[in-house]
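> One-letter residues, chain by chain:
Protein chains: 2
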Amino acid sequence: MKSEREIAVVLLSGGLDSATCLAIAKSETFDCFALSFNYGQRSGSELKAAKNIALANGVLEHKIIDLNIGQFGGSALTDRSIKVPERESAGIPPTYVPARNTVFIAYALALAEVKNASAIYIGVNAVDYSGYPDCRPEYIKAFQEVVDLATKMSIEGRKIKLKTPLINLTKAEIIKKGKDLGVNYANTVSCYQADFDGLACGKCDSCRLRQKGFFESGLVDPTRYK
Amino acid sequence: MKSEREIAVVLLSGGLDSATCLAIAKSETFDCFALSFNYGQRSGSELKAAKNIALANGVLEHKIIDLNIGQFGGSALTDRSIKVPERESAGIPPTYVPARNTVFIAYALALAEVKNASAIYIGVNAVDYSGYPDCRPEYIKAFQEVVDLATKMSIEGRKIKLKTPLINLTKAEIIKKGKDLGVNYANTVSCYQADFDGLACGKCDSCRLRQKGFFESGLVDPTRYK
Chain Y
1 MKSEREIAVV
11 LLSGGLDSAT
21 CLAIAKSETF
31 DCFALSFNYG
41 QRSGSELKAA
51 KNIALANGVL
61 EHKIIDLNIG
71 QFGGSALTDR
81 SIKVPERESA
91 GIPPTYVPAR
101 NTVFIAYALA
111 LAEVKNASAI
121 YIGVNAVDYS
131 GYPDCRPEYI
141 KAFQEVVDLA
151 TKMSIEGRKI
161 KLKTPLINLT
171 KAEIIKKGKD
181 LGVNYANTVS
191 CYQADFDGLA
201 CGKCDSCRLR
211 QKGFFESGLV
221 DPTRYK
Chain H
1 MKSEREIAVV
11 LLSGGLDSAT
21 CLAIAKSETF
31 DCFALSFNYG
41 QRSGSELKAA
51 KNIALANGVL
61 EHKIIDLNIG
71 QFGGSALTDR
81 SIKVPERESA
91 GIPPTYVPAR
101 NTVFIAYALA
111 LAEVKNASAI
121 YIGVNAVDYS
131 GYPDCRPEYI
141 KAFQEVVDLA
151 TKMSIEGRKI
161 KLKTPLINLT
171 KAEIIKKGKD
181 LGVNYANTVS
191 CYQADFDGLA
201 CGKCDSCRLR
211 QKGFFESGLV
221 DPTRYK
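Protein sequence lines correspond, in order, to chains Y and H.
Each residue of the first sequence is one higher than the one before, starting from 1 at the first, in this note's numbering.
Each residue of the second sequence is one higher than the one before, starting from 1 at the first, in this note's numbering.
Since the hints were made in silico from the structure, they are not lab data.
Don't take every hint at face value.
No distinction is drawn between identical chains; accordingly, a pair holds when it is met within one copy or between any pair of copies.
Taking lysine-lysine pairs in the DSS-like style, the calculated list, with each CA pair at most 25 Å apart, reads [said to hold, decoys possible]:
id : residue 1 : residue 2
1  : Lys141    : Lys161
2  : Lys161    : Lys203
3  : Lys115    : Lys83
4  : Lys159    : Lys141
5  : Lys48     : Lys26
6  : Lys179    : Lys51
7  : Lys115    : Lys159
Please model the entire structure based on the sequences and the hints provided.
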């Protein structure tokens, strides 16, 4: 337990994982800044979901940053000429966005330093996930080393800890944890190609992982499908 | 020596160091993408300089990315309420921009992966420098670990190398090296508070390091002062 309120930056996509992550950060008694990115992702409803989640959690501030990695191309999430796959396949899927988490964590670090935060929460998960390289524990561990060397704060002896409370949980375990903390999953959007009202396709990788998670958790899936 | 042309992403600020770095990348037979950032820095002339340098070096493309770290505040380079110091002081100066190089390298990594580059050149220097934490060799070494784990390319066995050819050179050595490679230093702007025409103040940390470098190199300083 901490003797006084500390500050955390929480990466908030609007999906199930990051919403749970924000609830966990709050339960660990952090005052939170939520940080979201507009990087040309197909699903505009994600950001709408992120806004609702931030509001429902009473964050200190919700920052939405316009990014330009989408313009580099190379991903089915930002480049409409690449199709979102609707069944499982081997290897890293075309929905991978080059260096996405590296850019996200870099921004979170900048905000954490300016706001004097002592933690950055990231809802990465390496169990029920899409196989992205930048969701693995060894990646986060390496980035912690960068964080420990990158900042003026670190030289002054103040540490920023990268926290990944979901990294070893199954999707069902994440959902159960979130339910215990009062997360309203009807507010979250997981689908890679949801429409603007948040209606999900039910077919993409992310939808399938979510469905499997709700099924295995034994809880009701509040997702609205097209 | 490489058997075929390889591709590099070169971070180009418009200053003396990055201009030299680009010339070195070219001399090491890379085809180069130049990458610059508009992050609310005081000196708009930096980006004008970067454009001229990119043009003079025949890069494949010069990308200028609008960043939002400036809006976080916390630095004399982006926040006009904080004064740029005009004499040397102990510790990390107020011109430090939180997590700047971390954000820059993250973007360079995204571009490198999309363009299938095998190197990222960064003109950081840990000899005649301002004491920024994210210019030190241990920081770059830690980031190389992140790069090796972050990307789809890395999982496929293709490596991206962070190259810092200036890291152990004095400013005078950098200038001599650049002169040998034909860098026109009149095109570069180092001053933290140059005016739009690139006229330098001659007083800030960056101006003083540049003056010392030219003095010690024995070469003529083409900088235009206010």
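> Run every hint past the structure and note whether it holds.
To see whether the hints hold, each was checked on the structure:
1. Lys141 <-> Lys161: Both ways: lysine 141 and lysine 161 sit 10 Å apart in one copy and 19 Å across, limit 25 Å.
2. Lys161 <-> Lys203: neither (36 Å within a copy, 38 Å between copies)
3. Lys115 <-> Lys83: between (39 Å within a copy, 20 Å between copies)
4. Lys159 <-> Lys141: both (14 Å within a copy, 19 Å between copies)
5. Lys48 <-> Lys26: Within one copy only: 21 Å inside a chain, 45 Å across chains, cut-off 25 Å.
6. Lys179 <-> Lys51: within (19 Å within a copy, 53 Å between copies)
7. Lys115 <-> Lys159: So lysine 115 and lysine 159 pass the 25 Å test inside one copy only (13 Å; across, 35 Å).
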